[in-house]
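Q: What follows is each chain in one-letter form.
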Amino acid sequence: MSSHPSKSLRPQRRHALKTLAVAGALTGLNLAALPAFAADTIKVGVLHSLSGTMAISETVLKDTVLMAIDEINAKGGVLGKKLEPVIVDPASNWPLFAEKTRQLLTQDKVAVIFGCWTSVSRKSVLPVVEELNGLLFYPVQYEGEELSKNVFYTGAAPNQQAIPAVDYLMSKDGGGAKRWVLLGTDYVYPRTTNKILRAYLKSKGVKDSDIDEKYTPFGHSDYQTIVADIKKFSAGGKTAVVSTINGDSNVPFYKELGNAGLKAKDVPVVAFSVGEEELRGVDTKPLVGHLAAWNYFMSIKNPTNDAFIKKWSTYAKAKNLPGHKDKPLTNDPMEATYIGINMWKQAVEKAKSTDTDKVIAAMAGQTFSAPSGITSKMDEKNHHLHKSVFIGEIRADGQFNVVWKTPAPVKAKPWSPYIAGNEGKPDEPAKK
Amino acid sequence: MRRALLLGWILALCGLAPLAHALTQPQALSVAQGETDDRIAAIGKLVAAPDERTAVLLQALSDERVKLGPDQRVLIATDAGGGPFVDAATGAAVTLPPDASSSLEDVMLNNRLRGELDGALAALHLSSADKAERLAAAKALMDAGGDDARVALLDTAIAKEQDATVLGALKLARAAALAASPEAAKRLAAAKLLGESHSPETRLLLNQRLSDEQDPEVRRALQRSLRAVEDTLAWGERLGALFTGISLASILLLVALGLAITYGLMGVINMAHGELMMIGAYATYLVQVAFRQWLPGWFDAYLIVAMPAAFLASALVGAALERTVIRWLYGRPLETLLATWGLSLVLMQAVRSLFGAQNVAVESPSWMGGSLALLPGLMPGFALPANRLVIIVFALVVLGGMSLLIARTRLGLFVRAVTQNRPIASCMGVPTARVDTYAFALGSGLAGLAGCALSQVGNVGPDLGQSYIVDAFMVVVLGGVGQLAGTVLAALGLGLANKALEGVVGAVLAKIAVLLFIIVFIQKRPQGLFAVKGRAQES
Numbered sequence: 001m002s003s004h005p006s007k008s009l010r011p012q013r014r015h016a017l018k019t020l021a022v023a024g025a026l027t028g029l030n031l032a033a034l035p036a037f038a039a040d041t042i043k044v045g046v047l048h049s050l051s052g053t054m055a056i057s058e059t060v061l062k063d064t065v066l067m068a069i070d071e072i073n074a075k076g077g078v079l080g081k082k083l084e085p086v087i088v089d090p091a092s093n094w095p096l097f098a099e100k101t102r103q104l105l106t107q108d109k110v111a112v113i114f115g116c117w118t119s120v121s122r123k124s125v126l127p128v129v130e131e132l133n134g135l136l137f138y139p140v141q142y143e144g145e146e147l148s149k150n151v152f153y154t155g156a157a158p159n160q161q162a163i164p165a166v167d168y169l170m171s172k173d174g175g176g177a178k179r180w181v182l183l184g185t186d187y188v189y190p191r192t193t194n195k196i197l198r199a200y201l202k203s204k205g206v207k208d209s210d211i212d213e214k215y216t217p218f219g220h221s222d223y224q225t226i227v228a229d230i231k232k233f234s235a236g237g238k239t240a241v242v243s244t245i246n247g248d249s250n251v252p253f254y255k256e257l258g259n260a261g262l263k264a265k266d267v268p269v270v271a272f273s274v275g276e277e278e279l280r281g282v283d284t285k286p287l288v289g290h291l292a293a294w295n296y297f298m299s300i301k302n303p304t305n306d307a308f309i310k311k312w313s314t315y316a317k318a319k320n321l322p323g324h325k326d327k328p329l330t331n332d333p334m335e336a337t338y339i340g341i342n343m344w345k346q347a348v349e350k351a352k353s354t355d356t357d358k359v360i361a362a363m364a365g366q367t368f369s370a371p372s373g374i375t376s377k378m379d380e381k382n383h384h385l386h387k388s389v390f391i392g393e394i395r396a397d398g399q400f401n402v403v404w405k406t407p408a409p410v411k412a413k414p415w416s417p418y419i420a421g422n423e424g425k426p427d428e429p430a431k432k
Numbered sequence: 001m002r003r004a005l006l007l008g009w010i011l012a013l014c015g016l017a018p019l020a021h022a023l024t025q026p027q028a029l030s031v032a033q034g035e036t037d038d039r040i041a042a043i044g045k046l047v048a049a050p051d052e053r054t055a056v057l058l059q060a061l062s063d064e065r066v067k068l069g070p071d072q073r074v075l076i077a078t079d080a081g082g083g084p085f086v087d088a089a090t091g092a093a094v095t096l097p098p099d100a101s102s103s104l105e106d107v108m109l110n111n112r113l114r115g116e117l118d119g120a121l122a123a124l125h126l127s128s129a130d131k132a133e134r135l136a137a138a139k140a141l142m143d144a145g146g147d148d149a150r151v152a153l154l155d156t157a158i159a160k161e162q163d164a165t166v167l168g169a170l171k172l173a174r175a176a177a178l179a180a181s182p183e184a185a186k187r188l189a190a191a192k193l194l195g196e197s198h199s200p201e202t203r204l205l206l207n208q209r210l211s212d213e214q215d216p217e218v219r220r221a222l223q224r225s226l227r228a229v230e231d232t233l234a235w236g237e238r239l240g241a242l243f244t245g246i247s248l249a250s251i252l253l254l255v256a257l258g259l260a261i262t263y264g265l266m267g268v269i270n271m272a273h274g275e276l277m278m279i280g281a282y283a284t285y286l287v288q289v290a291f292r293q294w295l296p297g298w299f300d301a302y303l304i305v306a307m308p309a310a311f312l313a314s315a316l317v318g319a320a321l322e323r324t325v326i327r328w329l330y331g332r333p334l335e336t337l338l339a340t341w342g343l344s345l346v347l348m349q350a351v352r353s354l355f356g357a358q359n360v361a362v363e364s365p366s367w368m369g370g371s372l373a374l375l376p377g378l379m380p381g382f383a384l385p386a387n388r389l390v391i392i393v394f395a396l397v398v399l400g401g402m403s404l405l406i407a408r409t410r411l412g413l414f415v416r417a418v419t420q421n422r423p424i425a426s427c428m429g430v431p432t433a434r435v436d437t438y439a440f441a442l443g444s445g446l447a448g449l450a451g452c453a454l455s456q457v458g459n460v461g462p463d464l465g466q467s468y469i470v471d472a473f474m475v476v477v478l479g480g481v482g483q484l485a486g487t488v489l490a491a492l493g494l495g496l497a498n499k500a501l502e503g504v505v506g507a508v509l510a511k512i513a514v515l516l517f518i519i520v521f522i523q524k525r526p527q528g529l530f531a532v533k534g535r536a537q538e539s
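Chains G and S supply the protein sequences, listed in that same order. Residue 83 in this note's numbering sits at position 83 of the first sequence; the count goes up by one each step and never skips. Residue 105 in this note's numbering sits at position 105 of the second sequence; the count goes up by one each step and never skips.
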């Protein structure tokens with residue numbers, strides 16, 4: 001760092017370096033436990049954007065991890081040691097995700113990382129965790145087409161969200177849709193999901209002329225033309241819209257839908273990235289009846305979920321989390337995060353070690369009683385959870401009514417059979 | 001008068017349905033609960049022999065005010081908030097124990113049931129004494145389309161109808177119901193008649209029939225009708241596309257107007273312009289929250305207070321920025337750029353700390369929801385969204401106000417004088433420093449107004465300004481720095497071009513194409529559409 005600093009400058013520079021180090025430590029470990037614990041704790045990395053565009057969705061996942069860690073520590077920790085969170089902020093900056101991961105694994109020596117939301121951030125982290133043999137728990141629904149031995153995917157694969165949703169819309173109760181608008185934000189998740197859906201729809205006999213695929217840039221806010229096009233397209237037959245619009249672009253889209261008078265009973269919109277949290281900033285009255293497909297809804301009634309919501313509300317109030325302290329909301333990625341950290345804890349206890357390879361082996365077949373009401377199971381081989389799929393209708397209060405669900409948990413197919421070239425791929429990560 | 005009408009309606013209802021009997025509790029339950037198919041059948045049965053309670057129950061179901069009580073009783077909340085309950089079957093008020101509200105179960109609907117309920121309610125309203133209600137019912141039945149069972153109902157209504165408009169709508173609705181009839185002759189007649197319809201829903205119906213129809217003659221009639229309907233709708237669609245362009249232009253104009261002063265006239269490259277809009281939007285949000293809290297009865301009028309509040313909030317912040325930071329940097333564009341960029345980050349983080357990183361919900365007043373049908377007779381299906389229309393008018397008013405201010409008032413004169421030649425203006429006794437502050441505050445206030453307008457169509461969050469700042473600079477630079485007319489034309493041009501392109505190549509490519517166009521244009525003509533002539537420009 002210092003080549004040949006002049007003598008008079010040296011003390012100042014050293015001072016500056018020290019300040020930098022302190023500042024770095026403060027931002028990096030601002031919630032870390034006291035140093036006295038340092039010897040007998042297990043470090044857990046939390047890699048969620050706390051600033052930038054994705055902060056809206058990801059901040060709450062950081063808090064979910066912290067809540068779960070508090071809960072585990074209150075019960076005596078793991079293997080007799082307390083968990084110590086190491087929080088970093090990759091700031092919605094995809095290359096920074098990789099850098100922070102390297103820092104977590106090499107400097108902080110965390111046992112496991114919980115993090116990422118967008119697929120592009122996961123793709124950026126992937127080579128680092130594979131190279132350093134780290135462990136990443138990824139809690140968000142995604143497009144599949146990936147299977148790494150160092151990653152556990154606790155969100156849905158396309159066959160656990162997109163395909164059941166389309167099946168429902170094709171059914172009599174879903175409206176018997178014949179024409180399809182596939183609308184998304186222009187990046188890897190919507191593109192891949194729509195590729196799978198197009199192939200799936202074709203296998204169900206839908207013609208190419210009855211599928212309209214549309215993309216908008218990130219942060220698009222003027223949906224007039226698109227809604228007018230949907231209206232026109234829907235005159236050709238019973239139409240459903242599959243929306244993979246991500247982030248806060250959903251708000252202007254739904255506002256425009258309401259204004260244009262496209263009612264859910266005429267043209268239902270099913271969304272894969274719209275949950276309780278995303279609807280917080282929306283006047284939901286014109287949206288009643290539009291749909292979302294997830295593996296968890298806050299409105300699901302069962303004792304596990306009641307306890308989960310109660311835990312979260314208490315935690316949000318105690319920690320004074322903005323927004324959640326007045327109106328606590330839970331959503332699917334939060335549930336997935338919560339399942340992930342608890343399963344990891346169970347696996348560590350089973351393996352009696354935090355060694356990555358031993359924990360990976362112990363993860364296979366772990367079960368956990370999930371707030372969605374099922375006993376969630378980690379597949380023995382493919383690093384994905386078995387999940388129930390729910391279709392919910394938006395209610396006037398911003399919650400969802402479950403109108404349909406799969407009879408049993410669905411096993412994830414990360415390699416979608418509807419993408420050419422996936423036929424022979426093994427349903428487990430390659431051994432190195 | 002109204003009571004007499006109501007009485008007449010009830011009498012007519014009794015006359016129509018001699019079988020009418022009181023709604024029973026099991027009937028009400030069968031509609032509220034069970035498999036979708038069974039519930040639809042139950043609704044059908046109720047409509048065939050309706051009474052007063054049926055209409056109340058179906059209306060409440062459609063408004064989602066129905067709950068299931070603990071003892072399988074079907075209860076109707078008399079107001080949307082869930083207020084006092086009445087029994088669906090008897091209409092008697094029900095007093096529940098205070099802790100019972102949690103044991104009430106919501107009655108669930110799905111989209112298929114919603115459609116059925118709309119049809120059923122329309123069928124009940126067919127015999128209403130109110131002409132407008134009958135007309136609406138006939139149209140709703142028409143949109144509900146091909147249901148053979150409704151033909152008899154429509155026949156009786158047609159036999160009794162006196163009014164020509166309603167009669168026409170009823171006949172069309174009958175044709176729509178007959179379009180799926182098993183008899184080819186009836187289908188043919190229906191197909192021919194449907195061509196007279198002006199409703200976009202007819203197009204859906206005709207397309208659906210066309211895909212199922214086997215009989216060649218009926219197919220030809222369907223195709224002919226479809227063409228006729230499409231012709232009547234075509235102009236509305238074209239105008240609709242034009243309108244979206246103008247609407248985008250109005251937003252671009254609002255966003256750029258403030259910048260036209262701070263950047264265009266004063267020469268401050270104000271990267272914090274977007275954040276001043278964001279402050280305006282948050283001011284709107286706060287006013288909205290205050291109205292909901294303390295003046296819920298006046299909620300629809302909150303924008304009248306929000307507009308000056310947004311203007312003042314942003315203008316004050318703008319004035320503070322100018323006094324503390326920007327006035328030291330006049331004539332140093334690079335430093336200004338960096339300083340205002342920093343300020344924008346500070347403002348964003350300040351708002352994030354105050355309100356949280358999440359977006360806040362700004363509910364539009366009810367009169368800004370929905371859409372306005374212009375010339376429904378001439379151009380069916382051409383309806384303008386109310387909120388967009390309001391924003392266009394708002395943009396025009398702001399533009400008018402601002403150009404008057406700049407052209408006609410003393411302040412405007414001073415602003416122009418100072419920006420054209422600061423030393424001479426100062427020699428003439430113009431307090432240049434104060435004029436700078438006023439002008440910057442004015443530009444900021446306009447940004448606040450833009451934020452107020454944006455809160456009605458988009459998201460309100462700490463990042464709101466970021467998504468508009470580039471557009472704002474694009475408009476001002478393209479229009480020609482220092483030229484109001486140029487700003488207006490550039491906004492209009494960009495809005496229309498963007499929307500026209502989006503219709504052809506999609507949103508992503510349209511955005512790229514517009515950016516490329518601007519780059520090329522600025523290369524060829526750096527001064528923008530309109531250039532200021534004279535010596536001021538060279539200095």
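Everything labelled a hint here was simulated from the structure, so no lab data went into it. Hints may contain errors.
[Unchecked claim] List of simulated lysine-lysine pairs, DSS-like, C-alpha gap at most 27 Å: (1) G/311 with G/301; (2) S/171 with G/238; (3) G/238 with S/192; (4) G/238 with G/204; (5) S/139 with S/160; (6) S/511 with G/195; (7) S/171 with G/265.
Q: Give me the numbers of the hints this structure contradicts, sorted from smallest to largest.
A: Violated: none.
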